[in-house]
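A.B. asks: Next come the chains, spelled out residue by residue.
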Amino acid sequence: MNKGNRVFVTGLGVVSSLGLEWKAFWAALLAGRSGIRPWAPEHCESFPVKFASPVDKEAFAAAFAGEGLFDEPMEHRTAFGLAAARSAIRDAGFAPGGEALRHAAVVVGSGTPERDPADMLLALDAQGRAIDRLAERRAALNPRLRQNNDALAEMIGRQNGCHGPSLNVSMACAGAAQAIGLGLRMIRRGEADLVVAGGADSVLNMATMAGLLMLGAPSLAENLGDRLSTPFDRLRSGFVAAEGAGVVVLESEASALARGAVPYAELAGFGCSADAYRVTAPHPGGLGAAAAMRRALADGGVEPAQVGSINAHGTSTPLNDAIETAAIKAVFADGEHYRRLAVSANKSQFGHLIAASGGPEFIATALSVRDGLIPGTLNLANPDPVCDLDYVAEGTRAQAVEYALSNSFGFGGFNVSLLVKRHA
Amino acid sequence: MRKHSPRIVVTGAGVLLPTGGSVESLWQSALSGTSGITPYVSEIHRSSWLKYYGRVDAAACEAARKTIPAKLKRLCSESTVWGVAAAEQALAQAGLGRDAEQPARRGLFAAEQCNLYPGVHPFKEWLGRIDKDEAFDLSKFTQEALNSRALPFVFLKSLRNNLLSVASSLFQCKGDCGAFGQDEGAAVAALRSALFSLRHGYCDQALVVATGSSDEAWTLCELYADRYLSESADGARAFRPYDKSRAGMLLGEGAVALVLESEDSAARRGVEPLGGILAVSSQVLSPIERRRADSTKPYAACLARALRDSLADPYAIGAVCANGKGIHQSDLYELRNIEQALGPRAADVPVTCSTPLTGVLGTVGALADVLLSLLIVRHGLVPPIAHLEDPEITALALCRDGPVSHAGRHALAFNMGLTGFHSATLVGGF
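Protein chains in written order, with the numbering used here: chain A, 1 to 424; chain B, 1 to 430.
Derived by calculation from the structure, the hints in this document are not laboratory data. Hints are supplied without guarantee of correctness; some may be wrong.
[As the list claims (entries may be wrong)] Example chain A residues on the side facing chain B (calculated, C-beta under 7 angstroms, incomplete):
(1) Thr112
(2) Ile131
(3) Glu154
(4) Gly157
(5) Met171
(6) Arg185
As the structure is a computational prediction, the values presented were derived from the model and not from experiment. Don't be surprised by glycine CBs; every beta carbon is placed ideally from N, CA and C.
Could you put together the complete structure from these sequences and hints?
C.D. replies: Okay, here's the thing in structure tokens:
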């Protein structure tokens, strides 16, 4: 049921612990490197979460110093998103601010605003209720707090001269994937020829991490070091939080052909669903996740048997990995095709970028079908009886794939699946 | 309308706004020019410069809260409660209430601009257990925070998909979905996504909800520091968009919900539509480009796109519902944009604005204006702009003194943000 223009991926931009541009990121993924390292929030060494997957801030600042992206104060997630978007735009062969981008749309997902307790404490008035003094003192406080923090799409549009539609998606861990899917729809329908799509997030601050911790999401284990993220493993104990961004340039077939662009892959389908089950837990049968995958396949007019690999959401949490496995088995039950699927979880290497996670994972999926190389799921040493698919545990595998799915499931019960087709 | 696209109509609407808790109360307030803005009273803040605010009625809030199951209630931010209340009304009007058959293909598209979380006040709540006389110790604070049962709920409320989570569960919306942030742009994004979804056949009905509040210390202080807020002690009447004596904006809060479906679906279900959504178009400009607005004409560009997408007759546009923030430069810029967009019809098409009734609602305002535009076409009347006495630009037919007749099949809702967002939504008959 493919209904309109074909959509190609023609530009990639990544900011992650594994690299600050897609080539380094992809090389690190294929080499099986880990971006996970010891971590603690600023001024709080006693924090229970001991590992994360942070971006190297000094290298990041140096890498994008000449772009003029960070002239105004901004949160980390915004900076990562602006940088990844600029990289993707340049990678696609466009000049920022150029006429070719004039009607481009921007659709990105981002997460919860970053709030530093030390800054917030400064904002509190001793009398408790008066905000007049806060207004007087604001100039002395962290200017990042003053930004409109839910306007990444608008900022990307302004900085790069993209005057088309601007959508800022807020769908937790499914945000970036949802944004990419909405970009597909826009191009199919002729609303835009070019869409800058993806996501950015940074949860590596005490306030957000404390919230995630209280929900039981991150792993507290201290004995696994950079092998802490163990998707589908029997001993998995939670995700490893990460930060960064993944942004792509989506382009209509006509536009890409007209300018001689060489696509990385085709974005062939998008499916999303809501569990409508519980705010704090996914549906135990994975009905919503399965619905999203089925919708993506139907959207692309593809039978389950045509799919060769899945870039799994694979968070390394007890609930997600078992439920995602069950959902995959349900969708690919015919002829037990699930036994022939290569299911890989990139979060084993670069952790969970939360709202941004679908961005780098979609990029990895696109590169995977382009190169015929599937990055492995690291740290899968103890097979879990309920997670019994082929998770590519041996490391990077050479395998030609025509169609692949990239899954992202969001806290609150939102599920997104993107169908990627190899570009002939 | 593109030939292959189904026509999309609105079959249900609901509101919880400073003007009241029903669509009828919004319409009657608009016709009479009665503002719901009241003196600023808050259990959280007090301020010498923040004097008036468009507050949602506390009793209506409490009533809305009671309709939410206890397990969900503790996860809801205030604005989510408002959104649920508005959605409940809209679904009931569309014949899709909680007792109706729950289709698996009901979409949900939410726009949330709740600045309350993570805000200064929740942090203060976390700090409540710490002895104020002690020197502050971040490690101790962390432990206190981690020991606080409130913390995970504060985090959940901080997610910008709080409404989507709660409403999808409450109303069993399992179809296509989306949640959006970004001030005025969020509601437009939600509406646009719902239209995509319905036109592509990804869902059978789409619930679009916008909710939000600006009543948070940082947000208020930033708007104050930028000199956007009116400090007048002259009550709600001091908020005068497009008037020569305008002196800044007053803020408001609330929620608006619409149920959308195809015209065929509404006919099959025997539901009378409130009106149609013909097209949504938006554009973002940088501050530099905004200063060159005479050449860029963002409203004109948005309208041209909307007309092209809908194949609508520009001469059938009988009214404009504009944004009107009451800020000197912003209003002047907007009026010139409207003038450019309407071209030779600028003096003939009546222009109205709802912000003096509710306060500036941010993302909620964009959907409220779409609803008001639908009501204008339905009733054949264009409400006056409350408090407008001496218009800044006389070349436009800015409504004042009372409602005027609406002569066209369509109405147009223009919206703009303070940071460069512009949109045009075309509604009415086909």
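A.B. asks: Taking the earlier hints as the rules, which of them does this structure contradict?
C.D. replies: none
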